[in-house]
Amino acid sequence: MAKSTGKSLVIVESPAKARTISKYLGKGYQVEASIGHIRDLPGGAKEMPEKYKKEPWAYLGVNTENDFEPIYIVPDDKKKQVSKLKAALKDADSLYLATDEDREGEAISWHLHEILKPKVPVHRLVFHEITKDAIQNAIENPREIDGGLVDAQETRRILDRLYGYDVSQLLWKKVGRGLSAGRVQSVAVRLIVQRERERIAFVDSTYWDLEAVFDTRNKDSFSATLASLDGRKIPSGKDFDSENGKLKNPDLLQMTEAEANALAERLRGAEFKVTKVEVKPFTERPKAPFTTSTLQQEANRKMGFTARRTMQAAQRLYENGYITYMRTDSTTLSKEALDASRNLVRSEYGDSFLHPSVRVYANKVKNAQEAHEAIRPAGTPFRLPEAVRGELDSDQFRIFELIWKRTIACQMADAKKQRIGVTIEGGGATFTASGTSILFEGFLRAYVEGSDDPEAELANKERLLPAMSEQDPLDAKQLDPKGHTTQPPARFSEASLTRTLEEKGIGRPSTFASIIDTIQKRDYVYKKGNALVPSWTAFSVIRLLETHLGPLVDYEFTAQMEDFLDTISRKEAERLEYLKRFYFGDADSTLVDDHSSIGLKKRLEAKVEEIDPRVTAMFSMGTPTEGEFREEVFVRVGKYGPFIEQGERRGSIPDGLAPDEINLAKALELIEQSQVEDEPIGIHPETGKPIYVKVGRFGAYIQLGENDDEEKRNQSLLKGMEVSDLTLEMACQLLTLPRTLGNNPENGEPIQAFDGRYGPYIKCEKDTRSLPAGVSPLEVTLEEAITLLKQPKTRGRAAPKEPIKKFEKPSPITEGEVKILEGRFGPYVTDGETNASLRKGMDAAEMTFEAALDLLAERAAKGPTKKKKKKATKKKGAAPKKKAAKKKTAKKKTAKKKAAKKATAKKKGVAKNES
Numbered sequence: 001m002a003k004s005t006g007k008s009l010v011i012v013e014s015p016a017k018a019r020t021i022s023k024y025l026g027k028g029y030q031v032e033a034s035i036g037h038i039r040d041l042p043g044g045a046k047e048m049p050e051k052y053k054k055e056p057w058a059y060l061g062v063n064t065e066n067d068f069e070p071i072y073i074v075p076d077d078k079k080k081q082v083s084k085l086k087a088a089l090k091d092a093d094s095l096y097l098a099t100d101e102d103r104e105g106e107a108i109s110w111h112l113h114e115i116l117k118p119k120v121p122v123h124r125l126v127f128h129e130i131t132k133d134a135i136q137n138a139i140e141n142p143r144e145i146d147g148g149l150v151d152a153q154e155t156r157r158i159l160d161r162l163y164g165y166d167v168s169q170l171l172w173k174k175v176g177r178g179l180s181a182g183r184v185q186s187v188a189v190r191l192i193v194q195r196e197r198e199r200i201a202f203v204d205s206t207y208w209d210l211e212a213v214f215d216t217r218n219k220d221s222f223s224a225t226l227a228s229l230d231g232r233k234i235p236s237g238k239d240f241d242s243e244n245g246k247l248k249n250p251d252l253l254q255m256t257e258a259e260a261n262a263l264a265e266r267l268r269g270a271e272f273k274v275t276k277v278e279v280k281p282f283t284e285r286p287k288a289p290f291t292t293s294t295l296q297q298e299a300n301r302k303m304g305f306t307a308r309r310t311m312q313a314a315q316r317l318y319e320n321g322y323i324t325y326m327r328t329d330s331t332t333l334s335k336e337a338l339d340a341s342r343n344l345v346r347s348e349y350g351d352s353f354l355h356p357s358v359r360v361y362a363n364k365v366k367n368a369q370e371a372h373e374a375i376r377p378a379g380t381p382f383r384l385p386e387a388v389r390g391e392l393d394s395d396q397f398r399i400f401e402l403i404w405k406r407t408i409a410c411q412m413a414d415a416k417k418q419r420i421g422v423t424i425e426g427g428g429a430t431f432t433a434s435g436t437s438i439l440f441e442g443f444l445r446a447y448v449e450g451s452d453d454p455e456a457e458l459a460n461k462e463r464l465l466p467a468m469s470e471q472d473p474l475d476a477k478q479l480d481p482k483g484h485t486t487q488p489p490a491r492f493s494e495a496s497l498t499r500t501l502e503e504k505g506i507g508r509p510s511t512f513a514s515i516i517d518t519i520q521k522r523d524y525v526y527k528k529g530n531a532l533v534p535s536w537t538a539f540s541v542i543r544l545l546e547t548h549l550g551p552l553v554d555y556e557f558t559a560q561m562e563d564f565l566d567t568i569s570r571k572e573a574e575r576l577e578y579l580k581r582f583y584f585g586d587a588d589s590t591l592v593d594d595h596s597s598i599g600l601k602k603r604l605e606a607k608v609e610e611i612d613p614r615v616t617a618m619f620s621m622g623t624p625t626e627g628e629f630r631e632e633v634f635v636r637v638g639k640y641g642p643f644i645e646q647g648e649r650r651g652s653i654p655d656g657l658a659p660d661e662i663n664l665a666k667a668l669e670l671i672e673q674s675q676v677e678d679e680p681i682g683i684h685p686e687t688g689k690p691i692y693v694k695v696g697r698f699g700a701y702i703q704l705g706e707n708d709d710e711e712k713r714n715q716s717l718l719k720g721m722e723v724s725d726l727t728l729e730m731a732c733q734l735l736t737l738p739r740t741l742g743n744n745p746e747n748g749e750p751i752q753a754f755d756g757r758y759g760p761y762i763k764c765e766k767d768t769r770s771l772p773a774g775v776s777p778l779e780v781t782l783e784e785a786i787t788l789l790k791q792p793k794t795r796g797r798a799a800p801k802e803p804i805k806k807f808e809k810p811s812p813i814t815e816g817e818v819k820i821l822e823g824r825f826g827p828y829v830t831d832g833e834t835n836a837s838l839r840k841g842m843d844a845a846e847m848t849f850e851a852a853l854d855l856l857a858e859r860a861a862k863g864p865t866k867k868k869k870k871k872a873t874k875k876k877g878a879a880p881k882k883k884a885a886k887k888k889t890a891k892k893k894t895a896k897k898k899a900a901k902k903a904t905a906k907k908k909g910v911a912k913n914e915s
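Numbering-wise, the sequence shown is residues 1 to 915 according to UniProt numbering.
Calculated directly from the structure, the hints in this document are not laboratory data.
Idealized CB from N, CA, C, for every residue including glycine.
Fair warning: there could be bad hints in the mix.
Capping the alpha-carbon separation at 25 Å, the derived lysine to aspartate or glutamate pairs in DMTMM-like fashion look like this [stated by the list, open to error]:
#1 K527 to E562
#2 K132 to E605
#3 K117 to E69
#4 K238 to E661
#5 K766 to E784
#6 K280 to E265
#7 K117 to D133
#8 K482 to D230
#9 K689 to E661
#10 K580 to E626
#11 K276 to D204
#12 K84 to E55
#13 K86 to E154
#14 K763 to E822
#15 K806 to E749
#16 K233 to E546
#17 K302 to E441
#18 K601 to E661
#19 K806 to D393
#20 K477 to E425
#21 K601 to D67
#22 K51 to D77
#23 K482 to D204
#24 K580 to E605
#25 K601 to D204
#26 K809 to E822
With beta-carbon atoms standing in for the labels, derived distance ranges [to be verified]:
#27 G44 to R713: 40 to 46 Å
#28 K602 to V74: 32 to 38 Å
#29 V74 to R713: 17 to 23 Å
#30 L439 to S221: 42 to 48 Å
#31 A490 to T687: 48 to 54 Å
#32 S394 to A45: 32 to 38 Å
#33 S724 to P489: 33 to 39 Å
#34 G350 to S221: 33 to 39 Å
#35 Y640 to S236: 54 to 60 Å
#36 Y701 to E55: 26 to 32 Å
#37 M721 to E55: 21 to 27 Å
#38 D339 to S236: 55 to 61 Å
#39 P792 to A45: 51 to 57 Å
#40 K46 to S394: 19 to 25 Å
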């Protein structure tokens with residue numbers, strides 16, 4: 001490696017990346033991590049420096065009165081790390097900033113430079129893979145911090161803060177607390193809501209055709225579908241208008257079930273023959289290597305991974321030197337990578353599977369200063385998946401294998417296929433059959449791309465037809481009528497939403513994972529299987545934004561904003577004028593002529609008075625034309641969630657009922673169900689209070705007493721109980737819970753039976769046992785409960801579980817055993833002093849020792865967990881306890897500090913041992 005005249009400090013973002021890089025650097029280099037961003041805009045006025053707190057713009061953290069100057073602070077959880085980096089820099093002769101090569105990484109380097117104020121030479125290291133050659137090349141060819149990329153990231157951050165904070169405050173006032181708006185997230189929610197609107201407006205149609213099974217002369221069977229009858233074509237789903245359910249072309253033949261049955265009967269005596277055989281060869285080419293977006297889409301299609309789960313696995317693979325940088329829009333491969341791919345095709349599949357020439361894929365990246373290469377295996381030659389399987393956890397291996405196959409496939413030969421189409425006629429009816437055969441597998445030997453449309457994927461698979469020639473007679477063995485109902489447009493999955501956002505130029509693929517997470521956390525969207533379903537709150541928010549702040553959720557405007565940020569990164573534009581026009585507006589321009597002149601501040605001030613939250617939150621389901629109640633029916637989004645409203649009548653909407661499943665009939669049904677709840681099923685024989693059956697957001701439950709009764713009691717129905725089967729006697733039984741069974745002969749304490757959040761259980765003092773499947777808390781006996789309590793506890797603190805996994809090597813610092821345990825909130829790794837939770841998607845059983853050390857190092861670097869019990873010490877009469885608590889806390893903090901120091905030393909030790 002390159003020689004250093006003295007000690008050099010290298011700073012990266014994560015401990016894992018630091019540890020990997022340290023393998024390739026000698027003793028003259030100290031590698032440390034910033035643990036992400038070391039400073040950011042304050043979270044609100046409370047976090048602002050004292051001198052700014054009274055400014056009208058303090059809540060934004062951006063000085064809108066002085067050229068939109070951002071006010072940066074070092075968050076409390078990063079102060080310790082900053083001090084550590086400053087101390088390390090004092091002993092260094094030079095500083096290398098080796099953060100990621102995208103805008104975010106460039107900004108982190110700039111912030112580090114601003115905070116550390118180095119008095120030694122500073123170098124910016126850029127590499128897209130963590131390999132020995134890449135690090136060597138970066139050390140030998142450092143550059144300066146790219147001001148254009150930093151400016152673009154800062155402008156993006158300021159825009160997001162102006163948009164997010166100000167528009168979110170409007171939503172709090174007009175829709176509900178806890179909601180948020182965002183430059184990209186609001187547009188993503190609009191896409192999902194718009195798709196649901198299309199589903200609501202969709203009018204289905206039913207049509208019938210015939211499915212036939214024919215035999216050839218050689219008794220080979222195949223199926224065919226009715227295509228036309230007496231010259232009139234049979235329609236398919238695309239021939240119907242989605243808005244009215246009628247045929248777009250009235251000349252097509254839409255048969256009913258009766259007509260299809262009659263036709264089948266008539267054709268059973270007809271003679272059939274082949275009238276046409278058409279063979280069409282075609283070629284299928286492999287897709288380009290992965291970008292961030294296509295990797296997220298494919299992992300979602302093939303493995304059901306969320307975007308977040310995919311990026312977490314890819315991040316670990318990159319940091320540990322297995323793949324190149326995973327945040328990229330580029331489909332380009334370096335010459336070394338192309339050579340490595342082609343060599344592997346020869347060795348693994350043979351020369352016949354290698355494409356004759358090097359494939360080069362067109363790069364759609366507008367911003368040439370972003371990462372310059374597609375996602376591929378790191379280094380050359382590429383390591384085989386089986387060679388690294390034992391080093392990776394399950395998620396990491398599956399993502400690595402996916403990337404490896406896609407990279408290799410792009411240099412493989414085309415797949416050669418042929419389609420065979422057969423036309424069969426008889427009795428005035430025309431049937432068609434089609435088949436696909438693979439003549440040469442080509443790249444399909446290594447990789448088959450997934451599909452958002454399972455039916456389309458099935459259609460592309462090989463389907464062979466028996467040998468036939470024109471005029472060959474056929475025997476109709478079966479003629480079955482088959483009904484079809486047109487389907488509404490499919491909801492977005494994570495994969496299809498990611499693809500659509502990218503196609504529209506909205507946001508950056510590297511942010512899609514966090515955006516999809518955010519819109520679910522805000523309850524704008526929830527998952528039904530793999531589909532993203534919008535909530536009624538999302539409908540209310542999007543209606544408000546479309547009606548009153550249209551440009552902010554306009555797809556074209558949002559894409560233009562992204563283009564502007566790209567021009568800043570290329571140093572082709574200045575940001576100040578754009579920010580002024582966006583926030584304050586421009587009297588000389590109109591929205592039609594200039595989308596940047598939004599005038600957000602004045603718009604929002606005007607809309608506070610103009611917007612009527614009742615109008616925004618009401619969605620008409622229609623007006624009944626018969627029955628006692630004729631008022632219009634609405635879905636209303638209230639403070640505690642959505643509900644049905646008709647005049648003075650109300651109805652609950654159960655959780656999980658999608659917006660497109662609620663029409664006028666369903667809404668009236670929910671109201672009627674709620675009205676039944678107002679009539680008691682009977683009177684409790686002991687208390688004399690009425691018993692009601694209620695249906696809430698989380699299902700049915702029993703209520704003892706009137707709504708205004710301060711002593712009313714609720715009890716959920718047991719699992720498997722149906723409201724329709726509920727009797728007064730059963731309701732009274734439910735209200736006995738928790739039920740006292742008798743006293744425990746061992747300690748004389750009462751034993752009770754409960755129905756809890758995680759199922760039925762028994763309890764004696766603090767000792768609990770879950771009831772076995774099929775045993776009801778209403779029926780369990782004292783003897784059964786005593787027997788259960790005598791059995792070993794299967795979960796809880798009284799009976800520690802066996803470790804999920806133990807590692808052979810001890811901790812290099814504590815020398816204690818490193819193991820993975822099952823905790824209350826999921827699995828975690830511990831070395832006896834530090835505990836670190838496993839990230840979502842990590843497979844505990846397949847975690848490596850190095851990955852476990854990474855998690856422990858990251859957790860220790862963050863410092864001690866803050867306790868949230870300070871308020872309790874302020875209560876009257878608690879002064880003595882307050883002092884004791886402080887002493888105890890001080891001791892704990894001292895112990896935690898020691899543990900953190902050990903963890904820091906541990907990181908250095910591991911890095912040193914492996915360098």
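Verification of the supplied hints:
1. K527 to E562: Given that 25 Å is the threshold and the Cα spacing comes to 28 Å, the pair is violated.
2. K132 to E605: The given pair, whose Cα atoms are some 57 Å apart, is violated under the 25 Å limit.
3. K117 to E69: holds, 20 Å
4. K238 to E661: Holds. K238 to E661 sits at ~23 Å (cutoff 25 Å).
5. K766 to E784: holds, 18 Å
6. K280 to E265: violated, 34 Å
7. K117 to D133: violated, 30 Å
8. K482 to D230: At roughly 19 Å apart (the allowed maximum being 25 Å), D230 and K482 satisfy the hint.
9. K689 to E661: violated, 37 Å
10. K580 to E626: At roughly 57 Å apart (the allowed maximum being 25 Å), E626 and K580 break the hint.
11. K276 to D204: violated, 34 Å
12. K84 to E55: violated, 33 Å
13. K86 to E154: With a Cα-Cα distance of about 24 Å, the restraint between K86 and E154 holds, given a limit of 25 Å.
14. K763 to E822: Holds, at about 23 Å.
15. K806 to E749: violated, 39 Å
16. K233 to E546: violated, 42 Å
17. K302 to E441: Holds - the C-alpha atoms of E441 and K302 are around 20 Å apart, at most 25 Å.
18. K601 to E661: Given pair K601, E661 is violated - Cα atoms ~38 Å apart, limit 25 Å.
19. K806 to D393: It holds: about 15 Å lies between the C-alpha atoms, which stays within 25 Å.
20. K477 to E425: Holds: K477 and E425 sit about 15 Å apart, inside 25 Å.
21. K601 to D67: holds, 15 Å
22. K51 to D77: With a Cα-Cα distance of about 22 Å, the restraint between K51 and D77 holds, given a limit of 25 Å.
23. K482 to D204: Holds, at roughly 17 Å.
24. K580 to E605: Holds, because 17 Å separates the two Cα atoms, which is no more than 25 Å.
25. K601 to D204: It is violated: about 45 Å lies between the C-alpha atoms, which goes past 25 Å.
26. K809 to E822: holds, 20 Å
27. G44 to R713: 40 to 46 Å: holds, 41 Å
28. K602 to V74: 32 to 38 Å: Because 34 Å falls inside the window, the suggested range holds.
29. V74 to R713: 17 to 23 Å: For R713 against V74, whose Cβ atoms are near 51 Å apart, the range 17 to 23 Å is violated.
30. L439 to S221: 42 to 48 Å: violated, 24 Å
31. A490 to T687: 48 to 54 Å: Because 52 Å falls inside the window, the suggested range holds.
32. S394 to A45: 32 to 38 Å: violated, 45 Å
33. S724 to P489: 33 to 39 Å: holds, 35 Å
34. G350 to S221: 33 to 39 Å: Given about 36 Å between the Cβ atoms, the range holds.
35. Y640 to S236: 54 to 60 Å: The hinted range 54 to 60 Å is violated for Y640 and S236, with Cβ atoms some 45 Å apart.
36. Y701 to E55: 26 to 32 Å: This hint is violated: roughly 50 Å between Cβ atoms.
37. M721 to E55: 21 to 27 Å: Taking Cβ atoms as reference, M721 and E55 lie about 59 Å apart, which means the hint is violated.
38. D339 to S236: 55 to 61 Å: Violated, at about 48 Å.
39. P792 to A45: 51 to 57 Å: holds, 55 Å
40. K46 to S394: 19 to 25 Å: violated, 43 Å
In summary, the numbered hints that this structure violates are 1, 2, 6, 7, 9, 10, 11, 12, 15, 16, 18, 25, 29, 30, 32, 35, 36, 37, 38 and 40.
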